[in-house]
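Chains as they are written, first to last, in this note's numbering: chain A, 1 to 414; chain B, 1 to 148.
Hints are computed from structural coordinates only; laboratory data are not their basis. Watch out, some of these pointers could steer you wrong.
What the hints assert, rightly or not - So the derived list for chain A, only partly shown, Cβ under 8 Å to chain B, looks like this: (1) 132; (2) 133; (3) 162; (4) 311; (5) 348; (6) 357; (7) 358; (8) 361; (9) 412.
Note that beta-carbon positions come from the ideal geometry of N, C-alpha and C, so glycine has one too.
As a plain string of letters, each chain reads:
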Amino acid sequence: METLTRSELLFDVDSIREEFPILKRMVKGKPLVYLDNAATTQKPLAVIDGLTRYYSEYNANIHRGIHSLAEEATAAFEASRDAVKEFIGAAHREEIIFTRGATEAINLVAYTWARKFVGAGDEILVSGMEHHSNIVPWQIIAEEKGAKVIPIPVLEDGTLDMEAFQRLLTEKTKLVAIVHASNSLGTINPVKYIVEQAHVIGAKVLVDGSQSAVHLPIDVQDIDCDFFVFSGHKVYGPTGSGALYGKKALLEAMPVFHGGGEMIKEVSFDRTTYNELPYKYEAGTPNIADTVALKFALDFVNGIGKEKIHQYEQGLLAYATDALEQIKGLRIIGKAPEKTSVISFVVEGVHPQDLGILLDNKGIAVRTGHHCTQPLMDRFGIPGTTRASFALYTTYAEIDALVAGLERSIKTLL
Amino acid sequence: MTARPSIEELEEEIVENFSLFDSWDEKYEYIIDLGKKLPALEDEHKKDDNKVRGCQSTVWLVAAYKDGLVEFKADSDAVIVKGLISMLIQVLSGHTPDEIIQAKLGFIDRIGMTTHLAQTRSNGLAAMVKQMKNFALAFKLQNESAKH
Ligand SMILES: Cc1ncc(COP(=O)(O)O)c(C=O)c1O
Numbered sequence: 001m002e003t004l005t006r007s008e009l010l011f012d013v014d015s016i017r018e019e020f021p022i023l024k025r026m027v028k029g030k031p032l033v034y035l036d037n038a039a040t041t042q043k044p045l046a047v048i049d050g051l052t053r054y055y056s057e058y059n060a061n062i063h064r065g066i067h068s069l070a071e072e073a074t075a076a077f078e079a080s081r082d083a084v085k086e087f088i089g090a091a092h093r094e095e096i097i098f099t100r101g102a103t104e105a106i107n108l109v110a111y112t113w114a115r116k117f118v119g120a121g122d123e124i125l126v127s128g129m130e131h132h133s134n135i136v137p138w139q140i141i142a143e144e145k146g147a148k149v150i151p152i153p154v155l156e157d158g159t160l161d162m163e164a165f166q167r168l169l170t171e172k173t174k175l176v177a178i179v180h181a182s183n184s185l186g187t188i189n190p191v192k193y194i195v196e197q198a199h200v201i202g203a204k205v206l207v208d209g210s211q212s213a214v215h216l217p218i219d220v221q222d223i224d225c226d227f228f229v230f231s232g233h234k235v236y237g238p239t240g241s242g243a244l245y246g247k248k249a250l251l252e253a254m255p256v257f258h259g260g261g262e263m264i265k266e267v268s269f270d271r272t273t274y275n276e277l278p279y280k281y282e283a284g285t286p287n288i289a290d291t292v293a294l295k296f297a298l299d300f301v302n303g304i305g306k307e308k309i310h311q312y313e314q315g316l317l318a319y320a321t322d323a324l325e326q327i328k329g330l331r332i333i334g335k336a337p338e339k340t341s342v343i344s345f346v347v348e349g350v351h352p353q354d355l356g357i358l359l360d361n362k363g364i365a366v367r368t369g370h371h372c373t374q375p376l377m378d379r380f381g382i383p384g385t386t387r388a389s390f391a392l393y394t395t396y397a398e399i400d401a402l403v404a405g406l407e408r409s410i411k412t413l414l
Numbered sequence: 001m002t003a004r005p006s007i008e009e010l011e012e013e014i015v016e017n018f019s020l021f022d023s024w025d026e027k028y029e030y031i032i033d034l035g036k037k038l039p040a041l042e043d044e045h046k047k048d049d050n051k052v053r054g055c056q057s058t059v060w061l062v063a064a065y066k067d068g069l070v071e072f073k074a075d076s077d078a079v080i081v082k083g084l085i086s087m088l089i090q091v092l093s094g095h096t097p098d099e100i101i102q103a104k105l106g107f108i109d110r111i112g113m114t115t116h117l118a119q120t121r122s123n124g125l126a127a128m129v130k131q132m133k134n135f136a137l138a139f140k141l142q143n144e145s146a147k148h
């Protein structure tokens, strides 16, 4: 209880909640308890109002017009690039490519870098806890190239089998594509070590930061990964925003992806030349508004401070883990020593879908199912889990509501 | 044969039962109870061929055709879904293929199921209804080709 009080005092959750209008909503006649933050986070007023302000005051196409609105919109868009650069600790602003989200960023690397640098007989290491979006793009390219996608096994506690990783990492390995924090288990993977080992044999590393960017301080230079991806909507930002980080030399060596406006230097029917980074990979009119507002989300997070958020969420995680473990028949899937504030669990004799429906009836939003990690569910021999995931606005009272809701639901179901 | 209630009459019974409940808690308790009471499907029927696609949970559905009437049996690993199937069976089982094909099944909407269950789950319900109607259609076609 000591740590609980201390972490609650870290910042004023009540005033933070005031920034998120949706949290005042009623669902099925009860106050919303939103515990599906790993799927997407809610948006603060800074983002909601920021979007309105963009469209009301300075909407224009960017990088083209010389009129004032175009200049303002371009400046805001590029300011967002600087914000992302700072947020993940990149060395250069042109290493930040805006995408629709993590999925598009991974596909960009698959269709450009992997298509050029992965060949027949090569291997791409992923982990057994990857989201489908960090498996399928590699399978598509591997099939095209005659390469193989090999999973690093996951141990019973939800950590990676690092011995197997060492064994699987060979001179055939061209890429290691690994999730920083698992969306299903919460496991934080030792990405810095993985990068170090992969670089020894000359393999590149892509880190899927979809679940880490919101919870952990990120320093891509310290991790030394070659690529890093994340989605804006999981960091309190708008859907349809996100970024790919790539080391400059790599991005320069990669072939272009989508062709179109903005990504070219000169076009003629004899020879077309391409624009420099980052525009080379940003063909067409991008998602300007949402990308502009992504900065407001990152500013919001920075305003509170990643360290504080992390500490607060770790308090929630410990409290919830303790409370859930008291529930008879409940088993937490994923007990890694280092976790983000995500708890997946199964209850003996109870289907996750039934729990999800009954909890929803009490206004409690959790995620049930395989969480887009089917191989991981197969690994644990379960069809899916119930997952509660916390954010900086989650309260201890909401965790109490979850526990009470679960107890009642389980009683009804058994 | 005289006392065979129509699909509409059976639907009406369910709607009346539901009208007794004040809250969704009670409705779910009732559905869960139906699910628990629906006899489990024999293991031999729990194979991939009998699975209904489109549900987060696994649903197995089998149908038999006897004396011009279709009989359904089903099971699920999730009890609320099983309760929903139980209602569908209650309404549709023991009817002719034509009756089943033409059934409007307005009761699902009238008891509030379509709006209360999230889209993904009511899609599961829709998949079950479709599968049951497909069975009825298959029996009807079988019937007609046997006559010729
Ligand atoms: C670990 C992980 N990777 C990738 C993704 C895909 O993100 P998006 O759908 O925003 O592109 C998700 C989102 O669920 C995720 O949790």
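Cross-check of the supplied hints:
no.	hint	in the structure
1	132	violated, 16 Å
2	133	violated, 19 Å
3	162	violated, 33 Å
4	311	violated, 34 Å
5	348	violated, 13 Å
6	357	holds, 5 Å
7	358	holds, 6 Å
8	361	holds, 5 Å
9	412	holds, 6 Å
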